[in-house]
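Participant: Build out the structure end to end from the sequences listed, making use of the hints.
2 protein chains.
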Amino acid sequence: MSRLKLSNRARNTPPSPIRKLAYLGYKAKKSGIYIYHLNIGQPDIETPQEFFEGLRLFRHKVVAYEQSQGNEELCSAWSKYINRTLELNTSPEQFLITVGASEALVFLFMTCCDPGDEVIIFDPTYANYLGFAAIAGVNLVPVLSKMDDNFALPPYEKIEQKITNRTRAILLCNPNNPTGTVYSREDLRSLYDLCEDNNIFLIIDETYREIVYDGLKPLSILNVVPDSKRVIVVDSLSKRFSLCGARIGCLLTCNEEVLATTLNIAQARLAAPTIDQFAAAHMLEHVKPDYLENVRNEFLGRRDALHEALKQIPGVVAHKPKGAFYSLVALPVHNVEDFASFMLSQFSYQGKTTFIAPAAGFYMQNEHGVRKARLAYVLNKSDLEAAVEVLAAGLTAYLKK
Amino acid sequence: MSRLKLSNRARNTPPSPIRKLAYLGYKAKKSGIYIYHLNIGQPDIETPQEFFEGLRLFRHKVVAYEQSQGNEELCSAWSKYINRTLELNTSPEQFLITVGASEALVFLFMTCCDPGDEVIIFDPTYANYLGFAAIAGVNLVPVLSKMDDNFALPPYEKIEQKITNRTRAILLCNPNNPTGTVYSREDLRSLYDLCEDNNIFLIIDETYREIVYDGLKPLSILNVVPDSKRVIVVDSLSKRFSLCGARIGCLLTCNEEVLATTLNIAQARLAAPTIDQFAAAHMLEHVKPDYLENVRNEFLGRRDALHEALKQIPGVVAHKPKGAFYSLVALPVHNVEDFASFMLSQFSYQGKTTFIAPAAGFYMQNEHGVRKARLAYVLNKSDLEAAVEVLAAGLTAYLKK
Chain Z
6 MSRLKLSNRA RNTPPSPIRK LAYLGYKAKK SGIYIYHLNI GQPDIETPQE
56 FFEGLRLFRH KVVAYEQSQG NEELCSAWSK YINRTLELNT SPEQFLITVG
106 ASEALVFLFM TCCDPGDEVI IFDPTYANYL GFAAIAGVNL VPVLSKMDDN
156 FALPPYEKIE QKITNRTRAI LLCNPNNPTG TVYSREDLRS LYDLCEDNNI
206 FLIIDETYRE IVYDGLKPLS ILNVVPDSKR VIVVDSLSKR FSLCGARIGC
256 LLTCNEEVLA TTLNIAQARL AAPTIDQFAA AHMLEHVKPD YLENVRNEFL
306 GRRDALHEAL KQIPGVVAHK PKGAFYSLVA LPVHNVEDFA SFMLSQFSYQ
356 GKTTFIAPAA GFYMQNEHGV RKARLAYVLN KSDLEAAVEV LAAGLTAYLK
406 K
Chain B
6 MSRLKLSNRA RNTPPSPIRK LAYLGYKAKK SGIYIYHLNI GQPDIETPQE
56 FFEGLRLFRH KVVAYEQSQG NEELCSAWSK YINRTLELNT SPEQFLITVG
106 ASEALVFLFM TCCDPGDEVI IFDPTYANYL GFAAIAGVNL VPVLSKMDDN
156 FALPPYEKIE QKITNRTRAI LLCNPNNPTG TVYSREDLRS LYDLCEDNNI
206 FLIIDETYRE IVYDGLKPLS ILNVVPDSKR VIVVDSLSKR FSLCGARIGC
256 LLTCNEEVLA TTLNIAQARL AAPTIDQFAA AHMLEHVKPD YLENVRNEFL
306 GRRDALHEAL KQIPGVVAHK PKGAFYSLVA LPVHNVEDFA SFMLSQFSYQ
356 GKTTFIAPAA GFYMQNEHGV RKARLAYVLN KSDLEAAVEV LAAGLTAYLK
406 K
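Taken in order, these protein sequences are the chains called Z and B. Under my numbering, the first residue of the first sequence is numbered 6, with each subsequent residue one higher. Under my numbering, the first residue of the second sequence is numbered 6, with each subsequent residue one higher.
Mixed in with the good hints, there may be bad ones.
To be verified - Selected chain B positions facing chain Z (Cβ under 10 Å, derived; list incomplete):
#, residue
1, Phe-56
2, Val-68
3, Gln-72
4, Glu-108
5, Phe-112
6, Asn-228
7, Pro-231
8, Lys-234
9, Phe-246
10, Arg-274
11, Ala-276
12, Thr-279
Hints were generated in silico from the structure; no laboratory data involved. Treat the numbers as computed from the prediction; the structure is a model and nothing was measured. For each residue, glycine too, the CB sits at the ideal point set by N, CA and C.
Facilitator: Encoded structure:
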């Protein structure tokens, strides 16, 4: 049979850099090696009891379709949650529930952009944005933020230089994955002004909003610009409530045209999962206020433990984040992807190894990431310390090769 | 503020014809009217107990991401289920779990087609195929199947005439939504030969595979062509197990390149919901063999009851389906969409009304559907009979206007 050609876009969709070494990890595990996973943003913190309570309260005899725009109680609970935690005044009609923040971003790329249109992002960036852009046929245009500048927001002019007549939006992740940078009220205001001056959308991915340290408080773009039709917030329960597998995200905007048009796309996929939405609504209504406080404190302790441990390794330079739970770390090797593969396929230390994410995949301009890794501090402190010990041993072995 | 332009593709994405009257239905319900829903393929049959048992057995303390290709136990259980019910020999590695059949089809359009490429479908068609195509930038090319020909598969030559150098696949829904046609082994063989002769993919959506009547047995394309890299099956638990809201679908193929490339796209969206997959795996392993037999018999009884009742209405011509749970019905009105809106917004009979789906949205060549409706017989027999009684009264009132 002659070969069936697949599409160019499919062949050009980059494999997720976070997941592409998964097969090596799988093989290592099958061979009996214990793996410390610092490669993926999958927290080990327990999901709130109230979510499981919600699951048990689902008593319908038929698992029927939910509405395309989302479960009404969930929209209402999410709105109340945001109003309570951020002192805002959103209403449930401004929400569209999606299958994770991922789906919200794919929808927004489609709603805001025709194929070939451009969205400005900041490099390094959440790697899956590249996948969403490939799916939607959108060209991402990176503006570099630098490690020796603490990954600060680049100046207005540097960003504006990248705007063309095909630019449709700026997308910022705040707090940032993978850098952990938390952008200030002034940063957000400046970015909004830039969008206003150039008449484009501002999309803020606030997946990590509640996870901030060192006295910072959660800050939404809606605290800075509460009622602009230019602003779209993407939100998710995945990280702050350890609910990655429930796949519950949303988009939130007061732009009714964006909501109505995105709903047409959302109707084509029918609806997000019924039972997860039901349980999430129950959780948001009933979760204890100190849950997130404990989550924040736990991650703060881990961040500090990770950085103390990394300091002991010669040649390692780590960026200390102000939010989220990732740290970008420069390693004393020429190619971190090669080193990460080595850790999974040729190395173990007392039957254990450490899985790290090479940072090149988080940079559109890959060369800036070749010698860096992203470490997700999603394990408890003693596991983190052990993981870094294994990493240090791995580095020594790798450099001796 | 100057108006922010949305994308052409978003503005051109058709609202789902099944869902676009939803707002009128919502308003009718709020005003206290009871609605018989014949408009949407949401069965009222109870979901197997084994699914809820599976939910209760989920004991992890963290709702973590599932693998991008799907829960291993679910792939394995689904493979065994297919091998058992169809006497086939699939293996779990041939499966990719998706968020409903919807996501599988979007992925396949992206994997098989670049924007502007063509997929041949049969008119009338499942309306959401149009939405998936809009999302993926694919041009669907319809070949008409005719009601007075029992919606049979059009002849080889009629289909081949539509093949151009941009055609990448033929997509068939078997049993068919919205016609209820069940295609024979010979139909499938002929379609496969056509794909072979023209070197294109054959995608069969087998969502309704188990729901067939009048002595027919479930038949997969894999029973006809078990090991062609040209063939991709899309499957779903939604309809046969009353699990629409769990959003569990899959694609199944022995084409490793399709699986690997689609997995790149699937990785960008991370994973399908964890708990639903866990519960579905448990259900497929433990569901009683007579569950589907009972489902089939129940729908058979409903089909017959619906058709007996429709016969009593003057001017109504109904197509009696051999599978799925939809019937296309010609009504004695000039515009069924107008009539369907009337039923929801201006009519009630003893406090009740009937919600039907205008068929125009199921035809790419809309004119063929203007005087038809799709009725989903997803209610129990006495409700169905009552729904048709209300429909008849509505017709009388509408024609008197």
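Participant: Now tell me, hint by hint, if it's right for this structure.
Facilitator: Hints, verified against the model:
{"no.": "1", "hint": "Phe-56", "result": "holds, 7 Å"}
{"no.": "2", "hint": "Val-68", "result": "holds, 4 Å"}
{"no.": "3", "hint": "Gln-72", "result": "holds, 8 Å"}
{"no.": "4", "hint": "Glu-108", "result": "holds, 7 Å"}
{"no.": "5", "hint": "Phe-112", "result": "holds, 9 Å"}
{"no.": "6", "hint": "Asn-228", "result": "violated, 20 Å"}
{"no.": "7", "hint": "Pro-231", "result": "violated, 14 Å"}
{"no.": "8", "hint": "Lys-234", "result": "holds, 7 Å"}
{"no.": "9", "hint": "Phe-246", "result": "holds, 9 Å"}
{"no.": "10", "hint": "Arg-274", "result": "holds, 5 Å"}
{"no.": "11", "hint": "Ala-276", "result": "holds, 7 Å"}
{"no.": "12", "hint": "Thr-279", "result": "holds, 3 Å"}
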